Each structure stands twice: as C-alpha cells, then as structure tokens.
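Undergrad: Residues per chain are reported as follows:
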Amino acid sequence: MAHDTSYTDQDFKIVGSRPPRPDGIDKVTGRARYGADVSAPGQLVGRVLRSPHAHAKIRKIDTSRAQKLKGVKAVITSKDLPDLTEGNRGNYDILENCMAREHALYDGHAVAAVAAVDEQTARKALKLIKVDYKVLPHVTDVDAAMQDDAPVVQPHIQHDGKPSNICNVSQFGHGDVEAGFAQADVIVEKTYKTEQTHQGYIEPHACLASVGPDGQGELWVTTQGHFTVRNLCASLLGMDIAKLKVTSSEIGGGFGGKTHIWTEPLALALSRKANLPVKLVMSREDVFKGSGPTCSTSMDIKIGAKKDGTVTAASATLRYHAGPHPGPWGMLGGMTAWACYDFENVQSIAYDVLVNRPKVAAYRAPSAPMAAFGVESTMDLVAEAIGMDPVDFRIKNAAKEGTRASYGPTYGPIGIGPTLEAVKNHPHMRARLGKNQGRGMACGFWFNFGGQTCTDLNIGVDGSVNLTVGTVDVGGARASMSLIAAEELGIPYDQVKCNVGDTASLGHNDTTEGSRGTFSSGMATIFAARNAIEEMKARAAKTWEIDIEDIEWRDGAAHAMGMQHSNLAPLSLAEIAGASPGTGGPIAGHNEVVADGAGVSFASHICDVEVDPETGATRVIRYTVVQDAGKAIHPDYVEGQFQGGAAQGIGWALNEEYVYGEDGCLQNPSFLDYRIPVCSDLPFIDTEILEIPNPNHPYGIRGVGETSIVPPLAAIGNAVSSAVGVRLDHTPMSPPRVLKAIKEKQAGG
Amino acid sequence: MSAVQVSTTVNGDAIDFVCQPTETLLDVLRNRLGLIGSKEGCGTGDCGACSVTVDGQLVCSCLVLGAEAEGRKIGTVEGLADGDKLHPLQKQFIDNAALQCGVCTPGFLVAAKALLDRNPNPTEQEIRYALAGNLCRCTGYDKIVRAVNAAARDVRKQQARKKR
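Order-wise, the sequence lines are chains A and B. For the first sequence, counting from 1, position 746 maps to 746 in this note's numbering; every step adds exactly one. For the second sequence, counting from 1, position 96 maps to 96 in this note's numbering; every step adds exactly one.
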C-alpha cells in the first residue's frame with residue numbers, strides 16, 4: 001500500500017512540545033532494566049577468554065582441565081561454532097570476529113568461553129584453558145599497514161594482484177580536479193591524522209541467553225537492533241529465525257557500537273551446550289578490547305581557490321583502518337568529506353585498510369568527523385591564505401538546493417546555508433576573546449537513513465492507545481513516538497503508551513542507526529495511526545449507518561459531515577473504542593514500510609578554547625551548535641542529541657585515543673586511562689534548532705542524532721590553532737601534542 | 001573461602017545478607033538484594049554509575065566490599081523517593097530531560113543528593129566538580145547541571161517551608 005510521505009506545511013498541536021518521557025520514572029528510581037539487570041532461574045555466568053597477542057596462529061586449545069572444574073557447565077571454542085555461512089564472506093567475518101578460528105587477529109580477540117555456576121568458578125576456568133599460540137608479526141598503524149612489506153592481516157584479501165591490507169578503494173567526485181587546481185590562485189595541501197576512539201557508552205555489552213535442545217531460544221540483550229541480532233545469531237548458530245526471540249533491554253548508550261553482535265552468539269552457544277540460561281556481561285576492559293571502536297585515519301587534503309573565495313578544485317585521499325575485517329569506513333569518509341560544499345571539481349579517494357585492532361563498528365556519523373577534521377581545517381587555511389572570513393568563505397561555497405553532491409545525488413532543500421547564516425549572526429561570534437583564547441567554527445554533514453520499519457498501534461476499550469515500535473529507544477524516542485501518535489489521532493499525549501516490541505511481536509525492523517529512529521518509526525507511526533483512523537471511521541459509519549465518505553476525523557473524534565447528518569454528535573476515539581466489541585472487535589492500526597527519503601542533515605558549530613601555553617592543556621570555554629532538524633518532535637531530546645554529540649566530539653578532539661604498544665597490545669583499556677569528558681571539563685553547550693522540513697516525510701522530520709559529532713574535531717582544531725598560532729593536524733590535540741606544536745613554532749620562528 | 005554474614009541498613013531498612021568475602025557491595029546490592037538501580041559501568045571506580053552512600057559518604061560501591069557494609073547505613077537510588085513522592089532531583093531530571101539512555105542516572109542522582117545534603121546552594125562550578133566522578137556519554141552534562149540547579153532551588157524551598 002502506498003502512503004503519502006510528502007510534507008505539507010501544517011500547524012502542530014502537540015508535536016514540538018516538551019512533555020515528560022514515559023520511561024522517566026523507571027529511570028530515576030532505578031527500576032529500568034538494562035542488559036545486565038535481568039536474571040533467570042538457574043542461570044550460569046558466562047565469561048570470555050581473549051587473546052593476549054595482537055596477531056597469532058592458534059595451534060591448539062586445550063579445554064580439558066577447565067571442563068573438569070567443578071561448577072563449569074560448558075566450555076566453547078570455535079569448534080562449537082562450526083562455519084554454517086555457506087560462502088557468505090560477510091557472515092564468516094562476523095563469525096570469526098565473535099570467536100577466533102585459526103588466528104587471533106587482535107589483542108582481545110575472543111578465543112574461548114565458559115559458563116559456570118558463579119563468577120569465581122568462571123574466572124578460574126578461564127585460567128585453566130591452555131592456548132598454544134604462535135605469535136605472528138602484527139601491524140596496528142594504518143599507514144604502516146599500507147606498506148608493501150607490512151604483515152598481512154587477511155591473506156585472502158588482494159590488492160594489485162597480491163595479498164594486501166588494502167581491502168577497499170572507493171572514489172567519488174565530479175569535474176576535473178587537475179584543471180581546477182590549475183585555475184586556483186591559492187592551493188593549500190596538508191596531511192592530517194586522527195587516532196582511534198571508542199563510543200564509550202556507559203553500559204557494557206550484556207545479554208541473557210537461553211536455548212533449549214529443541215532449538216528454541218530467547219535472548220535479552222542491550223542492542224540498537226534486536227532484529228539484526230536475531231537474524232545474525234540464528235544464522236551463525238543454525239537456528240530458525242522464528243525460533244529465537246530477542247528482546248532489547250533498556251539500552252545504556254550505543255552510538256553505533258551496539259549495532260553489531262559480539263558475545264551474543266557465544267552466550268547462546270554456551271546456553272545450548274549447558275542447556276541452562278547464561279548471562280554474559282562484558283567487563284569495561286572487554287568493551288575497549290573486544291567491541292567495535294571507530295577508525296584511526298590518515299588523510300591528505302588539497303583545496304585550490306581563487307582570491308574571490310571561489311573554490312576551483314578540492315581533493316582528498318583518505319586512509320581509514322577497518323580492523324581485521326573489511327568495512328565501509330573509508331568509503332563513508334570519502335562520501336561525506338565534501339558534502340557541505342558546491343564545488344565544480346571535486347574528488348575523494350578512500351582506502352579501507354586492515355590492521356590488527358578490534359573490528360571497527362559505527363560511531364555516530366561513522367567516518368564523517370575525521371574527514372571533516374581534514375576538510376574543515378584546510379578550509380580555514382585557504383580562507384586565511386586569501387584573507388577572507390572563514391564563515392563567509394564557507395557561505396560562498398556552501399551546497400544548496402540543486403547542488404550535485406560530491407558523492408552523487410542532487411540535493412533537495414537543505415540546511416547548510418541557513419546554519420552558516422545562523423552562525424554568522426550568532427552573538428557567540430562577536431563575544432570578546434581573552435589571552436590564550438581562540439575561536440573556531442566548522443561544518444558537518446550526515447546522510448541520515450530510513451530503512452525497514454514495522455509498527456503496531458492498538459486501541460484499548462477505554463480509548464488508551466498502545467503503540468509498539470521496533471526501533472530501540474536510545475534517548476527519549478518513546479516520548480517522540482507518543483507525541484506523533486497523539487498528534488495524528490488528535491488525543492492527549494498521556495493517552496498513548498509507547499513500547500519497544502520484541503522480535504516475536506513485530507515484523508522486521510532494521511537496526512536503530514543512521515539517525516533513523518524518529519524518521520522511520522515516526523513515519524510508520526503516522527501511517528499506523530491513519531490506518532487505525534480509517535478503521536474507526538468505518539466503525540462510526542456502521543454505528544451511524546451512514547457512508548464512510550461522509551465521515552471526517554478531527555480532534556480525536558469521528559465527525560459526520562453534511563447538513564443531513566447534523567443531528568449526529570461526534571463519536572470520540574474512546575466512545576468508538578468502547579463500542580468496538582460490538583462493532584467488529586479490536587481496533588488496531590499497522591504499518592510496514594521501507595522508509596525512503598531520509599533528509600540529509602547539516603550542522604555548523606562554534607567553539608572557543610583557552611590553551612595553557614605552559615602545559616598545552618586546552619579547555620573549551622564556550623560552545624554553540626546550530627543544526628537543521630527538519631522538524632523537532634520533542635525539542636528537549638533534539639537539543640540533547642546536539643549537546644551529546646558535541647561533547648563526544650570534544651573528547652575525541654582533545655583527549656580520547658587508543659594507545660597501542662610496540663607489542664600491538666592496547667595500553668589504556670579503562671575509563672581511567674581512556675579519559676572521556678567529565679562534567680567539570682565542559683561548559684554549557686548552546687543549541688539552535690533550525691527546521692527546514694524534509695519534503696519526504698509527512699512531518700518534515702530529518703534525523704538528528706549523528707551530525708552533531710561531525711564538526712567538533714575541526715571546530716576545536718581551528719580554535720586551538722587560532723589560540724596558539726600554529727596549525728594542529730593530529731587528534732587528539734592532547735597537551736603533549738599541543739605543547740610540541742607550540743615549541744616547534746617557537747624553535748622555527 | 002567461607003561466606004560472611006552481614007547486618008546492615010539499606011535505605012532505612014535493616015537487612016541481613018550472606019556474601020563471599022571477595023564480593024563487592026555493588027554485586028551484593030544487585031545480585032543478592034535485587035537492587036539493580038546501581039549499575040556497573042567499569043568495576044574500577046572510574047565511572048560512578050554504581051554510586052551509593054555509606055553513612056552519608058558518597059562512594060563507588062564497586063570499590064567497597066559487601067562485608068564492609070556491616071553496621072553501616074547504605075543509601076541507593078531506590079531510597080531517594082519518599083513513597084510515591086519523587087525527590088526534587090528525580091523530578092527535575094525528568095522535567096529537564098537530563099537523561100537520555102539513563103544508565104548513568106542513578107549514580108548522578110545519588111552523587112547530586114550527596115552534594116545537596118551538604119550544600120543546598122551550589123554554584124555551577126560546585127555542581128560540575130561534585131559530579132566529576134560520574135561519567136555520562138549522552139548528554140554533555142548540560143541538562144544534568146541545569147536539573148541539579150533546579151532541584152537545589154526546590155530543596156531550599158522545602159527547607160524554608162520546614163523552618164516556618
């Protein structure tokens with residue numbers, strides 16, 4: 001059934017208000033149940049043994065002593081997870097990442113797992129497992145991994161006809177960059193590096209698995225995509241999809257890191273072997289070493305411009321590490337790099353490179369912040385070289401409706417220009433700066449995504465409404481969905497209760513990623529509500545014995561139209577619902593949709609920093625986010641997304657970094673040594689929501705979750721560079737790096 | 001190792017429990033007493049998600065042994081509300097949208113209450129430093145600081161009413 005997805009300018013009654021979230025009380029009283037908060041009778045404790053080597057051949061694993069330990073109910077290795085992938089290389093890679101097979105591919109790669117009656121016994125059992133490793137040469141640096149003599153991570157991957165760590169090369173752009181550079185008055189070319197960071201969700205991965213000998217199972221898990229978890233786990237373990245019920249717990253942060261499967265198949269395999277429920281919770285060290293952080297990168301950015309500010313050509317060569325298996329990360333960097341601008345001649349070449357580090361997973365607008373760091377830093381350098389204000393320079397070159405994006409499509413109405421104008425007019429830009437302080441700004445882009453979505457809306461006989469969505473609520477989404485349902489049905493917010501359904505109660509929903517939750521489940525909720533309204537109109541028609549065409553739905557009631565029906569008082573939703581047992585039974589609305597038409601999103605950020613010239617320590621003293629939301633359904637949680645993304649970007653820019661030793665092992669797998677921003681590190685983060693409706697959504701919604709992490713690296717880089725008078729080209733801009741840059745400048749000048 | 005028997009007070013109620021001498025207070029609260037509001041984000045005292053009070057002192061319960069609860073008064077997020085009446089901090093966290101995923105929220109509430117108990121009129125900086133032991137990855141702390149500030153105002157009003 002086709003639905004009208006087009007936006008029409010409309011007055012919203014409830015959408016755009018800020019009611020309390022429905023899960024608020026549970027979350028402030030400690031009642032909300034996250035991944036590790038549920039137990040089952042007779043449950044075992046699962047734990048995972050991880051490789052202490054960055055790269056090693058696994059000659060033999062002897063589990064006999066662990067198996068004999070009293071209280072141990074199951075021990076598994078890759079032998080218990082036979083390859084059922086039937087040539088599907090992507091699934092094989094997932095299987096191999098969940099449990100090492102012939103080779104341990106990174107420090108922290110799972111090699112065995114146990115289930116025991118308690119934590120102590122499980123720990124003891126891990127110590128009794130003997131793994132015979134042959135240590136192999138390793139490579140963890142993306143540039144080193146591209147050298148001809150680098151250790152090869154996956155020998156089956158070839159580049160230029162020989163085994164190589166270069167697993168993907170992608171190219172985007174249009175025009176003739178060489179001709180464009182020839183026309184430039186000024187060309188700036190610079191190399192940048194960004195270090196690997198982790199999403200840093202506070203809740204570690206956790207699940208409770210229960211599989212019986214009849215091949216049926218249940219999994220309670222903290223995830224952004226329980227349907228994806230179900231499909232992947234069932235496929236890797238040889239189970240029927242319908243026989244594995246996956247319930248997503250409350251999720252304690254994901255940011256892309258919970259879009260994948262890690263220990264879930266291990267918990268299921270342990271439970272199957274022990275025939276008892278198994279709870280498996282990662283330690284924080286496991287999370288750092290054995291989940292999916294983002295890429296480190298290295299990139300060359302080149303921009304040529306005329307003195308009037310017209311960019312004549314731009315090119316980027318991007319090198320992104322992918323971990324031990326191929327991923328789309330370099331490609332996404334290549335696609336996003338120039339997306340903010342309308343350039344005639346533009347190109348990006350992106351390499352995905354294998355290294356002996358954990359498999360990369362998405363991290364909020366995956367790959368875009370790094371490319372933006374290179375591009376937006378270079379944009380400032382060009383503006384400086386031609387003596388133009390950096391905001392004006394960007395406004396002059398900003399993409400607009402009709403611009404052909406560097407990655408292919410032609411834009412509809414977009415928000416980059418308006419966010420830049422808002423920045424230009426923002427009082428923040430005119431605030432005075434003190435000694436050792438600097439200001440920077442930068443832009444960012446994210447595609448946003450729609451995808452497969454399925455939603456149910458059931459109306460109770462008292463007129464209260466149960467809305468069941470299949471996207472996970474990562475930060476207030478149930479409030480937004482309830483607002484949308486209430487708006488569409490014309491009833492109060494409090495009359496709607498939104499739940500996240502498990503995999504047995506709804507059709508497939510794609511993972512909650514790509515800023516798709518409010519866009520796609522919002523769309524499916526609108527259509528499900530319209531579906532229910534049609535049914536309620538039919539019931540009213542039956543009650544009144546008039547044609548359904550004579551009935552209009554408004555303000556939460558069926559109204560009979562026309563003079564001939566003026567004697568019929570409106571029938572409210574509650575009245576129709578109350579009569580439903582006698583008019584045809586339960587009233588429900590459903591919708592299954594592939595939510596196409598996600599609206600691209602742009603943001604511009606302003607940042608002021610103060611740098612201590614003696615220590616190199618940088619403090620963010622003021623920060624402003626301007627972003628296009630399309631339509632802000634619940635503005636509190638839109639602002640929250642803007643602020644949270646900015647804070648993560650600030651951590652990435654200034655502090656956060658995976659530190660590897662010469663041995664290829666991670667040296668800082670804890671929140672003490674991998675320091676994310678704390679409350680006293682940050683100022684208030686100001687937000688300005690712009691609403692440029694997405695024409696492909698009935699309410700004009702774009703996604704809002706991701707773009708906010710894209711500009712901060714560059715905005716801070718531009719601010720720090722302005723404060724210290726020397727260009728910073730490597731994140732994190734930690735005190736030693738900033739100090740080194742200051743000293744080099746002093747030595748040089 | 002033989003288990004130890006512990007007599008303690010949790011949120012005002014006398015509680016006896018048995019635990020292993022190696023077991024943390026956090027594990028006792030979660031696994032033996034069913035108080036799942038305190039969360040384990042790191043197990044090393046770095047994230048504050050397991051914040052509780054012991055005799056009014058703010059601690060990370062992952063760094064305290066269960067056996068150390070003997071004779072003490074333990075306060076957790078489950079004890080913040082007075083029956084069906086939320087603590088001003090709980091109400092303001094909801095009203096200010098100071099939580100997104102909410103997993104750090106119990107720890108923040110316990111830490112913020114410890115602050116307001118000793119200083120019901122904190123400055124922004126005092127709030128930020130009092131909460132610096134609690135990690136939040138979703139909010140950038142903006143709305144948390146605003147919520148604590150608003151709750152402090154409510155607490156002061158309550159105190160003024162009681163005095164009258």
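These are calculated hints, taken from the structure and not from any lab test. You may find that some hints are simply not true.
Here are a few chain A residues that sit away from chain B, every Cβ distance over 12 Å (derived from the structure) [said to hold, decoys possible]:
{"#": "1", "residue": "10"}
{"#": "2", "residue": "25"}
{"#": "3", "residue": "28"}
{"#": "4", "residue": "32"}
{"#": "5", "residue": "128"}
{"#": "6", "residue": "130"}
{"#": "7", "residue": "143"}
{"#": "8", "residue": "187"}
{"#": "9", "residue": "252"}
{"#": "10", "residue": "273"}
{"#": "11", "residue": "422"}
{"#": "12", "residue": "610"}
{"#": "13", "residue": "665"}
{"#": "14", "residue": "673"}
{"#": "15", "residue": "739"}
Here chain B is said to cover these stretches of chain A; the calculated rule only asks that three of the stretch's residues, wherever they fall, bring their Cβ under 8 Å from a Cβ of chain B [claimed, not checked]:
{"#": "16", "stretch": "198-212"}
{"#": "17", "stretch": "595-607"}
Predicted, not measured: the structure shown is a model, and the values here were computed from it. For glycine and all other residues, C-beta sits at the position ideal for the given N, C-alpha and C.
Undergrad: Could you work out which earlier hints the structure fails to respect and list their numbers in ascending sequence?
TA: Numbers 2, 3, 4, 9, 14 and 17, in rising order.
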